[in-house]
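**Student:** Sequential numbering from 24 applies to the sequence shown in the working numbering.
Treat the hints as calculated values from the structure; they're not laboratory data.
Hints should not be assumed to be uniformly reliable.
To be verified - EDC-like cross-link-like pairs, simulated, lysine to aspartate or glutamate; straight-line CA separation at most 20 Å:
{"id": "1", "residue 1": "K200", "residue 2": "E268"}
{"id": "2", "residue 1": "K199", "residue 2": "D274"}
{"id": "3", "residue 1": "K119", "residue 2": "D103"}
{"id": "4", "residue 1": "K119", "residue 2": "D145"}
{"id": "5", "residue 1": "K199", "residue 2": "E268"}
{"id": "6", "residue 1": "K95", "residue 2": "E159"}
{"id": "7", "residue 1": "K92", "residue 2": "D82"}
{"id": "8", "residue 1": "K95", "residue 2": "E136"}
{"id": "9", "residue 1": "K199", "residue 2": "D250"}
{"id": "10", "residue 1": "K199", "residue 2": "E272"}
{"id": "11", "residue 1": "K200", "residue 2": "D274"}
{"id": "12", "residue 1": "K199", "residue 2": "D188"}
{"id": "13", "residue 1": "K85", "residue 2": "D145"}
{"id": "14", "residue 1": "K95", "residue 2": "D133"}
{"id": "15", "residue 1": "K92", "residue 2": "D133"}
{"id": "16", "residue 1": "K200", "residue 2": "D188"}
{"id": "17", "residue 1": "K95", "residue 2": "D82"}
{"id": "18", "residue 1": "K92", "residue 2": "D145"}
{"id": "19", "residue 1": "K92", "residue 2": "D103"}
{"id": "20", "residue 1": "K119", "residue 2": "E147"}
{"id": "21", "residue 1": "K200", "residue 2": "E272"}
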Amino acid sequence: MGQRRRRRRPERYYFPDDVTEEDVEAENTEMMNESQVVAAATALRALGRTVTTTVAVADVPKGGPSDGKLAKDDTVLSVDGTPTTDTASVREAVQKRQPGEQVSLRVRRDGAERTVTVRSADSEGRAVIGVLLRTEYDLPVDVTLNTGQVGGPSAGLMFSLAIYDALTPGELTGGKKIAGTGTIEDDGSVGPISGIRQKMSGAHAAGARFFLSPAEDCADAVGHVPDGMTLLRVTTFTEARTAVEGIAENDISGLPTCG
24 MGQRRRRRRP
34 ERYYFPDDVT
44 EEDVEAENTE
54 MMNESQVVAA
64 ATALRALGRT
74 VTTTVAVADV
84 PKGGPSDGKL
94 AKDDTVLSVD
104 GTPTTDTASV
114 REAVQKRQPG
124 EQVSLRVRRD
134 GAERTVTVRS
144 ADSEGRAVIG
154 VLLRTEYDLP
164 VDVTLNTGQV
174 GGPSAGLMFS
184 LAIYDALTPG
194 ELTGGKKIAG
204 TGTIEDDGSV
214 GPISGIRQKM
224 SGAHAAGARF
234 FLSPAEDCAD
244 AVGHVPDGMT
254 LLRVTTFTEA
264 RTAVEGIAEN
274 DISGLPTCG
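Whole structure, please, built from the sequences with the hints as guidance.
**Tutor:** Spelled out as structure tokens, the structure:
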């Protein structure tokens with residue numbers, strides 16, 4: 024039986040003055056767990072496996088347009104009759120409305136379906152319903168990663184490559200020591216991280232001579248690449264996989280680099 028996993032995707036993260044180090048550590052752990060779920064979904068989709076998704080309510084801010092209408096853990100089935108399977112589809116459906124117009128949502132709560140109507144609010148000229156959403160993934164296989172001391176979402180890309188490697192014959196890297204960083208998004212795109220210079224340095228010290236960098240981090244990395252290390256630019260999981268395959272075959276000609 025596969026896994027039913029949740030991923031919480033807030034628009035913004037912030038840490039007030041009273042947030043403790045333990046709170047931040049717990050948040051990093053949650054983000055890392057989320058990145059593992061998306062990494063698994065990305066790898067499985069690349070292998071042609073079906074990964075189904077649903078969208079659920081993660082939080083309903085007090086005083087917002089959905090307060091008293093939607094509830095935490097509601098599954099959003101459709102918006103104005105348009106089926107929704109992820110947070111983007113909900114946002115797109117809501118923003119077809121003008122601010123102030125009513126939005127009709129079909130939701131499942133405690134096993135029963137119901138229709139909820141919310142008057143949208145105005146956010147920079149766009150209609151919003153004022154909820155925090157999460158995408159839930161139904162993975163067709165169980166995936167467990169031994170992450171050691173890794174925390175946060177920055178290992179998402181490498182998680183996805185590791186899972187893909189584990190589920191395919193042979194060794195994806197061809198025995199080469201390859202490092203990298205970057206978040207992984209539901210659409211397979213690779214996002215930027217912080218501290219790429221330190222990550223490159225640590226990888227070089229560990230023996231890696233190839234490093235996969237999110238395209239958006241190239242500017243910060245150029246000029247600080249350790250001697251003997253090749254920095255390859257990637258924007259998607261597919262590009263990263265192609266880069267690893269090229270390294271394994273001793274042919275990196277044509278692969279994009281950071282400068």
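**Student:** Run every hint past the structure and note whether it holds.
**Tutor:** Taking the hints in turn, this is what the structure says about them:
Between K200 and E268 the alpha-carbon distance is near 12 Å, which keeps this suggested pair within the 20 Å criterion. In summary, the hint linking K199 to D274 is supported, as the alpha carbons are separated by about 12 Å, within the 20 Å threshold. For the given pair, K119 sits about 10 Å from D103 by alpha-carbon distance, which is consistent with the 20 Å threshold. As the CA atoms of K119 and D145 are separated by approximately 13 Å, the hinted pair is consistent with the 20 Å bound.
Between the alpha carbons of K199 and E268 the distance comes to roughly 10 Å, so the proposed pair stays at or under 20 Å and holds. Restraint check: the Cα-Cα separation between K95 and E159 comes to about 14 Å, which is no more than 20 Å; the hinted pair holds. Distance restraint check for K92 and D82: the Cα-Cα separation of roughly 12 Å lies within the 20 Å cut-off, and the hinted pair is therefore satisfied. For the hint linking K95 to E136, the alpha-carbon distance of about 15 Å falls within 20 Å, and the restraint holds.
Of the pairs offered as hints, the one joining K199 and D250 holds, with about 17 Å between alpha carbons and a cut-off of 20 Å not exceeded. Taking the CA atoms of K199 and E272, the gap is near 10 Å; set against the 20 Å cutoff, the hint holds. At most 20 Å may separate the alpha-carbon atoms for a hinted pair to count; K200 and D274 meet this at roughly 15 Å. Restraint check for K199 and D188: satisfied, since their Cα atoms lie roughly 13 Å apart, inside the 20 Å limit.
With a C-alpha separation of about 17 Å, the suggested pair K85 and D145 falls inside the 20 Å cut-off, and the hint holds. Proposed proximity of K95 and D133 is supported: the alpha carbons are some 11 Å apart, at most 20 Å. Restraint check for K92 and D133: the C-alpha separation of about 15 Å stays at or below 20 Å, so the hint holds. With a C-alpha separation of about 14 Å, the suggested pairing of K200 with D188 holds against the 20 Å cut-off.
Straight-line distance between C-alpha atoms of K95 and D82 comes to about 5 Å, which keeps the hinted pair within the 20 Å bound. With a CA separation close to 18 Å, the supplied pair K92 and D145 stays within the 20 Å bound. Restraint check for K92 and D103: satisfied, since their Cα atoms lie roughly 15 Å apart, inside the 20 Å limit. A distance of roughly 14 Å separates the Cα atoms of K119 and E147; the hinted pair therefore holds under the 20 Å criterion.
Distance hint between K200 and E272 is fulfilled; the C-alpha atoms sit about 13 Å from each other, no more than 20 Å.
Taken one by one, the earlier hints all hold for this structure without exception.
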